[in-house]
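Asker: Residues per chain are reported as follows:
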Amino acid sequence: MSLSPYVPIVGLFALAALFALFSVAIAPFVGPRRYNRAKLDAYECGIEPTPQPIGGGRFPVKFYLTAMLFIVFDIEIIFLYPWAVSFNQLGVFGFIEMILFIGTVFVAYAYVWRRGGLDWD
Amino acid sequence: MKDISLPHLNYAALAPMLILFGVACVGVLVDAFAPRKARYPIQLVVALVGLIAAFVAVVLRAGKVTAENAITAAGAVSVDKPALFLQGTLIVLGAVALLLIGERALERGGPFVAQAAITVGSDADQRQAARESGATEVFPLTIFSLSGMLLFVAANDLLTMFVALEVFSLPLYLLCALARRRRLISQEAALKYFLLGAYASAFFLFGLALLYGFAGGITFAKINESAQNGTGNITLLYAGLALVSIGLLFKAAAVPFHVWTPDVYQGAPTPVTSLMAACTKVAAFGGLLRVLYAGFDRVHWDYSPIIAAIAVLTMLVGSILAVTQTDIKRLLAYSSIANAGYLLVGVLGNSALGLSSVMFYLVAYGFTVIAAFAVITLVRDADGEATHLSRWAGLGRRSPFYATVFTVILLSFAGIPLTSGFTSKFAVFSAAGGGDQSWLVIVGVVSSMILAFPYLRVVVMMWLSEPGEQTPSVSLPGMLTSAALVIGVVITIFVGVAPQPLLHLTSEAANFIR
Amino acid sequence: MQTLIPLLVAIPLASAAILLLGGRLTDRWGHWLGVLAPMASFVLGLIAFFKLADLPVDARAYSTQLWNFIDSGSLHVGFGLLFDPLSAVFVLLITGVGSLIHLYAVGYMSHDEGRRRFFGYFNLFVAAMLLLVLGNNYVMLYLGWEGVGLASYLLISFWYNRNSAATAGKKAFLMNRVGDAGFAIGIFLMFATLGTTQYTEVFAGVAKLSTGTVLMMGLLLLLGACGKSGQFPLQSWLPDAMEGPTPVSALIHAATMVTAGVYLIARSNPIFSANATLQTVVVSVGALTLLIGCVIGCAKDDIKRVLAWSTVSQIGYMFLGVGLGGGAYALAIIHLLAHGFFKANMFLGAGSVMHGMNDQTDIRRFGGLRKYMPVTWLTFMMGWLAIIGIPPLSGFFTKDPIIEAAFNRPGWTGWLFGGVALLGAGLTAFYMTRLFVLTFHGPKRWTEDIEHPHESPWIMTIPLIFLAIGSVVAGFMMKTSVVTWLTPVLDPTGAEDEVHRITNVTGAILSVAITVVGAGIAYMLFRRGTALVEQPAGPVVTAARNNLYADAFNVAVFEKPGNWLTRGLVFLDYRGVDGLVNSLAAIVGGGSGRLRRLQNGFVRSYALSMLTGALLVVGAFLMVRLG
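Protein chains in written order, with the working numbering: chain A, 1 to 121; chain B, 122 to 635; chain C, 636 to 1262.
Read the hints as simulated data drawn from the structure, not as lab findings. Note that CB positions come from ideal geometry on N, CA and C, so glycine has one too. One should not assume that every hint holds.
As the list claims (entries may be wrong) - One side of the interface only, derived from the structure: several residues of chain C facing chain B at Cβ under 7 Å:
| hint | residue |
| --- | --- |
| 1 | GLY1226 |
| 2 | SER1227 |
| 3 | GLY1228 |
| 4 | VAL1238 |
| 5 | TYR1241 |
| 6 | SER1244 |
| 7 | MET1245 |
| 8 | ALA1249 |
| 9 | VAL1252 |
| 10 | ALA1255 |
| 11 | PHE1256 |
| 12 | LEU1257 |
| 13 | VAL1259 |
Between the sequences and the hints, there should be enough to build the whole structure, so can you do that?
Answerer: In structure tokens, the structure reads:
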């Protein structure tokens, strides 16, 4: 057995790591230093940052809800992909099973939808 | 690419699980689309009809099951006689518990909160506590949980078992958090149960991985075969067995994995507690029996002393701690722990007799414990259930009928002859005696004598104390609770007086197919 | 007969069930149901009696097996009933006298809130008592035995909020347990040696047993009989049992239940006749008890207690009779029946007096009631004359033959027991006359709150009249007829060769003479009331003083040691048994309290303890693998 197929991957990892370290390390030395207020602020996608209380504060539970909903559909995709790949071998049986599976996921979706889980406000 | 062979599915064997799963999905859709007012009756009917259909499927299947046609779904599921018996038991116990869950006559809107997400104590919370009827999601959640339990006792490999474990546990965690009153303690209980349950699941999963390492497969047949042939790393076998057992013993509430029990039993809404006390116990011991009997039969001389030590600890800790309890639900929680110990004694009988006696015990205990919690839901005052024992003083004067019923239940727990508690203890102890575990029987008898003390203390308190200002009255139960209570008490007495039919059934069913 | 006999028991049982389970719904008519049930049983009993009488003498026994009661291993006990001449007379006594007392109780309990409960217990008693006399094996007898014990216990402490009633109930229960334990062991012994408890099989097997076994078995049965019938040394509960309502005292503690011991011995006559030592023991117990009862009866001032001690003493006569064996078995039974009439009569009379006198029970506080309660006076007089044995009232025909039979016992013991029985007759005459005179004659010595004592309502006086008639005529009617009737069960031919010391005539003259003397002394002493009115400790009259000394002696010899023994046992029980139990409980409780601290409510501690447990379990598994 040989590890040879993995050598290029390891090389790639090493190269990427080196590049990142190098870039971060070299920047303070070679770049110009001109500070203003905007640059000293926390970076938030160019938006004016909202003041936060000490300790992080609270933010709406909706974020979590959205994240959880995402997971449901994420898992659906994970199942759909291998099914699609071997669709021919699985045949009608696989097709029916997948419809049942999607139907089950739809039950959850319908519940969330009707109960207002998709409304932001 | 290699051809994929399609699994053969025996739909008749899988029908009970499929029906319950389908009914639960229908329940979710009902909650999504039905108008608010109509949800409760529809949900109740759908759930009960589903349970009846599933029970019919179990009964139909029971006539036809043989050693050859038991295993199905590519070897993932073994619907053999013990599985069918336990499934039937789970469905009936679940249906009785569902009656309590569905009761709305005792309290406006039922025992469950309308919106569990609303902050406790806020204005919105006070509004909903007074007015809104409870969440109807409890019905599909209960059915999901039951369908998971059905799969759990029929699982023929460890991975299926793990998935089933999660399927029946997650709805239970949620149900625990949904109490209408004392919401903080209910949520705390749910969180504790969830955290510790996840912790125990991790042990189970780790054990499963180690066993895969040992046998190169996860079916019980494969594990049994490897243990027999002596192939594979023995350390992996024992470590794996230990970890898998821990996961199961957690659900069974055996010492030292019992710590969650009192807090969760006390905090959860009482109907949910009854579901946990009856059905979870059945499922956990069904799973434990299958793992130990079907998977690790070959090494039973090695695990017996350890399980025996756990059984002794469980019986003693459960009964001794029950003595100083002052809350009736906590008292029953410790009693449930001690009963897990008695069940473990039966498990160690390690024979068809052990298997049948444990199944007998599970049925007998399940009905009695549901009836006990049904009475607890009735004893209430303006703030909901009055669970502190001092409040039960003199109940015999206030409500002689329910005090009598509760006395019968407590006498059954205490193992007084002519109640199911006696026959079932007799069954497990004699199975253990037959399996050369007589010292366990001695500890069991001592423990049940200790445990009789707190029960009898409650009896004495109910009958011989004068009712004080504090003694709450008993609410008139609705039809559903009455039905649950009657079923529980009648079976408690029937099994105590005429245990033969049930004994016959369990001994018929006592043979695992792997 | 197939349905008749079970119905006898079933009717009062059903009525008791309705009354006790029916709750307040039955409050309004419950007492009438309670009266009807024993009456119905009485009618059925009469029918069954006549059917039985139609049969030829040898076939007069009807046995029926209802179901298998216990069937395990070699132990087979059937739920079987037996209706034979002995059962028949008991059935008629229980239901007949029982019906009258039930009727009386309707009036007596009319002001009591618990009347329905009372009748429920009362019917339960009747059912259990019928079961006792109708069983065809010892286990059935024991069932009834325990049933009447339970009913008696419930009824003695019927007024449970009275401390003395509750205590008396407990005392009765405990002393009965001692006897019952003996009885139960006797039944076990029977099963161990003979393999059966069926009367017929047991009696057939007695001949094969060794003398020691028969003696042991008989003594154990006797212990049971002594407990139930208040015989020496278990006599002291019976007078205390008078704390119950008066109808209870009349039915249970005078007419029927307390005579169950006599029934037991008469029923077991083949066992007792088989061993001479055993018979001597029974006779001694009877003689001793009858003397104790008389002597204490002389010294008591409470009307019900005097009657209670007289019951003890009369049952002593019956024990004397059954102990003598042979023909005296039947004599004891007819005395029992006659006693059922006159003692019930007097108890109900006492109840009637108390009813009119604001529940006063002290005879020193009565006097001159003759004018105010003519019916009670007249009926009580019949009972009084009957018990002291004035011809031609019933006591004369039933008690005197026992005294004669005692004299005719061979050897010096005949003189002893005969003398004791005769002395007892004199004493009985003395204290019963004292009771009668102090209550109904002489000056009024009432407490101030009573102005006009009144006669009781008809519902109470009618049973009195019936019972009075019974007291007068029963003895004469039963003298030969019942003795002949009982012959198939109580075979008189087994008797030892009697010596004929005294003839019927001499016996009758002797006993009537001593009775008249006793009664005369009492009348002379008490016709002007008693000096004891205000100073209970200072007895004036010499004869009475002697009796009181005897009573004090009695207390010192029998009651005090009994009390000490009880106290000692209680102490031992408290310190020894309870101490052990308490310290065990303390250990368990302490352990529980300590373990409880581990359950502190923090998930982190729970997780830690689970982890520790998991490590231990995994470690243990690996140890097993290495070891």
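Asker: State for each hint whether it applies.
Answerer: A quick look at each hint next to the structure:
1. Given the 7 Å rule on beta carbons, the hint for GLY1226 (chain C) holds: about 5 Å separates it from the nearest Cβ of chain B.
2. With a least beta-carbon distance of about 4 Å to chain B, the hint placing SER1227 (chain C) at the interface is held under the 7 Å criterion.
3. Using the Cβ-Cβ criterion of 7 Å, the hint placing GLY1228 (chain C) at the interface with chain B is satisfied: the shortest such distance is roughly 6 Å.
4. Contact between VAL1238 (chain C) and chain B, as hinted, is supported at the beta carbon level, the nearest pair being about 5 Å apart and thus within 7 Å.
5. Given the 7 Å rule on beta carbons, the hint for TYR1241 (chain C) holds: about 4 Å separates it from the nearest Cβ of chain B.
6. Evaluation of the SER1244 (chain C) hint against chain B yields a held restraint, the C-beta minimum of about 6 Å falling below 7 Å.
7. Of the supplied interface hints, the one on MET1245 (chain C) holds, with its beta-carbon coming within about 5 Å of a beta-carbon of chain B, less than 7 Å.
8. Nearest Cβ of chain B to the Cβ of ALA1249 (chain C): about 5 Å, under the 7 Å cut. The hint holds.
9. With a cut of 7 Å, the hint placing VAL1252 (chain C) at the interface with chain B holds, because the nearest CB-to-CB distance is about 5 Å.
10. The beta carbon of ALA1255 (chain C) comes within 5 Å of a beta carbon in chain B, closer than 7 Å, and the hint placing it at the interface holds.
11. Because the closest C-beta pair between PHE1256 (chain C) and chain B is about 4 Å apart, less than 7 Å, the hint holds.
12. Checking LEU1257 (chain C) against chain B by beta carbon gives a least distance of about 6 Å; that is within 7 Å, so the hint holds.
13. The interface hint given for VAL1259 (chain C) is met, as the beta carbon of that residue sits about 5 Å from the closest beta carbon of chain B, less than 7 Å.
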